[in-house]
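Taken in order, these protein sequences are the chains called A and B.
Those letters in the first sequence? Residues 1 to 322, by this note's numbering.
Those letters in the second sequence? Residues 1 to 355, by this note's numbering.
None of these hints come from the bench; they were simulated from the model.
Covered stretches of chain A (in silico footprint by chain B; criterion: 3 or more residues with CB under 8 Å from a CB of chain B, positions within the stretch not fixed):
(1) 53-61
(2) 71-85
Computed from the model, here is a short list of chain A residues facing chain B with C-beta under 10 Å:
(3) Leu3
(4) Ala4
(5) Asn134
DSS-like, lysine-lysine: derived pairs with alpha carbons at most 25 Å apart:
(6) B/Lys328 <-> A/Lys14
(7) A/Lys47 <-> B/Lys169
(8) B/Lys114 <-> B/Lys169
(9) A/Lys47 <-> A/Lys17
(10) B/Lys39 <-> B/Lys28
(11) B/Lys339 <-> A/Lys19
Please read these numbers as outputs of a predicted model, since none were measured by experiment.
Don't be surprised by glycine CBs; every beta carbon is placed ideally from N, CA and C.
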Amino acid sequence: MSLAEEEELQIESKYIKEKKIGEGTYAKVYKGKDRETGRAVAIKKIKLVQTEIGFQGIEISAVREVKVLRELRHPNIIELIDIYSHQTNLQLVLEYLDSDLEMIIKDKSLVFISADIKSWMLMTLRGLHHCHRNWILHRDMKPNNLLVGRDGQLKIADFGLARDFAEPRIKNMSPQVVTRWYRAPELFFTPAQYGYAVDIWSVGCIFAELMLRTPYLPGDTDLGQLELIFQALGTPTEEDWPGFTELSKSVQFQKYNRTPLKTLFTAAKNDAIDLLEKMLTFDPNKRITARDALLHPYFRNKPRPTAPAKLPKQEQKLQNSK
Amino acid sequence: MMKELYTETSQYRNWRFSKAKLLETREKNHTLAIERVKKKVLEESLLQKQILETSSPAYSEQTENVGSPRVNPSEIEYLTLEDELALCNFYETRIPPMANCFPKEVIENKLTDKVKATAITFVKRFYLRNTVMDYHPKEIIVTCLFLAAKVEHSFVAIEEFTKVVKLPKETIFELEVVVSKSLRYEYTVHHPYLASFGLFLDMQSFIKDNSKIKFLYEKSLELINKSLYTDCMFIYQPSQIALATLRIAARQDNFDLEKTYLRFKFKSDPKENVIELYKILDEIESIINSHVNTTVEQAKSIDARLHKCKNPEKNPNSAISKKRRREKEEREEIDRRKKKKLDDEYQKDISKIFD
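Model the full structure from these sequences, guided by the hints.
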């Protein structure tokens with residue numbers, strides 16, 4: 001046995017799978033633990049997917065996720081602890097977190113104060129800034145992908161759609177990314193290139209959802225999504241978004257006037273409204289960056305963000321409830 | 001800040017060595033490999049002897065003795081570390097020509113310089129932890145090109161791939177996992193191209209002659225491609241290699257880069273840092289300039305010797321592989337019987353309840 005093979009057998013024997021906790025299109029997720037330390041882990045077993053182009057070896061999404069997570073280390077990004085494989089079947093050992101922001105938002109027994117929202121936003125943007133400064137786009141930011149641990153720390157997860165964008169001329173960028181409700185407007189116009197701004201738009205939608213306690217722009221078709229965005233934020237003019245007339249020439253959109261965000265987000269302070277507006281800016285070139293968002297007065301003004309450990313969290317579920 | 005970021009990459013953390021450490025790593029890997037393969041060769045020769053002696057018809061039918069040469073194990077001349085490196089180098093240089101056999105559209109859009117460079121890097125990293133006696137580079141280079149395209153978002157479907165390369169897709173899939181394991185699934189590779197593009201832009205604020213800048217940039221890209229066959233990628237940072245190749249390009253063109261660009265660029269840096277950097281640039285320059293690739297004749301001669309000292313365990317037709325398969329089947333049969341016995345007992349217990 002070669003060095004690499006031996007090393008991998010050792011890794012595999014370190015973990016034990018306990019029960020299945022989820023299944024997606026390309027992976028099954030198990031809860032498990034480290035035999036020695038007892039540390040809870042999530043083991044993501046990548047399925048062998050027969051796509052329409054037939055079996056292609058190691059799953060491409062798995063390669064993307066692993067490629068990105070092997071490089072990123074940050075308190076607000078999920079940690080990839082180990083990897084091993086059976087034949088072409090990759091198994092990712094990730095840190096285990098038992099809750100996510102979607103569950104927390106939906107749990108109506110929890111009351112959020114504005115300092116809580118600020119804390120979740122801060123952790124989300126810190127994690128995202130780390131991705132962006134490493135030239136990595138997440139491309140699927142949504143509450144469901146923001147995991148929350150017992151200690152209240154929020155961690156960005158699910159990098160199956162992530163990609164790096166460092167090259168001066170990137171090709172082959174697919175606009176079919178990001179779950180629709182959180183998808184930036186430029187992505188509906190099949191651009192060949194886009195950038196970090198798509199992630200910021202999603203974070204803006206999440207910010208709004210934290211304040212409203214319900215999805216902000218829940219469109220049910222691609223066109224309906226754009227309608228909804230324009231209803232909420234006004235149909236952009238050429239001035240709002242240079243190039244918009246050219247982009248949208250095939251579809252005639254109704255002209256909606258912009259209603260000030262303040263009318264919907266009545267409880268929000270001016271600094272929160274200002275940051276939200278800067279994240280939901282139509283022109284991707286003018287949309288705020290993760291770095292500038294972190295430097296925004298919203299995070300310096302009172303109230304101070306709640307300490308993670310003191311954030312509202314769901315009751316610990318009984319051991320055998322699942 | 002940029003330097004700090006680079007130090008977080010897996011390339012910096014796990015694939016960067018001093019010259020001495022690189023040699024030590026390779027020597028250790030090579031020594032262990034030889035020891036391991038020697039044992040297997042001995043076992044194979046004993047098995048074959050046994051088979052010959054027990055001239056049972058069932059056995060002789062199975063033993064076609066493929067690929068395991070009839071030599072005394074103690075007389076086998078194993079490859080040296082230098083042989084292994086030279087052979088790998090030869091096959092690494094085959095990657096660009098192989099990529100250029102694809103249809104024009106695939107070459108332009110998918111199998112770019114970056115993908116080829118990643119493939120070459122994968123091969124070089126792979127053999128830091130493996131031996132050509134286990135895995136022949138002619139198969140590894142194909143696998144690494146397939147995997148590199150996947151990793152660099154330039155995926156080429158396996159059907160299209162196997163139209164050009166002569167390797168069954170099952171082998172590629174199998175080796176893709178072997179390669180991934182050896183790379184520790186660290187798929188991100190940083191090349192000097194991006195830094196080189198940065199220098200290309202930066203030079204434009206200092207040097208008036210744009211055609212000269214373009215010429216130097218293109219020359220430096222060629223030199224970066226050449227540097228991929230050296231150990232530079234293990235020892236120096238991509239930005240250092242980019243700057244070194246630009247300097248070589250200027251020198252070959254009798255263009256004074258120092259007076260026109262470098263001295264302005266490093267004006268505000270502490271003098272000792274600049275001296276240190278120039279020392280590094282000189283080292284890279286000498287490595288690239290003195291590098292000579294393995295010739296076909298040299299590769300053929302090493303390949304011929306390799307044929308005699310391959311690990312028989314990796315040959316599915318060897319006696320040792322057959323024995324392994326038989327052992328595995330036996331183990332599985334025992335497990336099956338055990339399970340059946342347990343099941344039967346369980347059924348018996350259950351039926352008793354209803355008696």
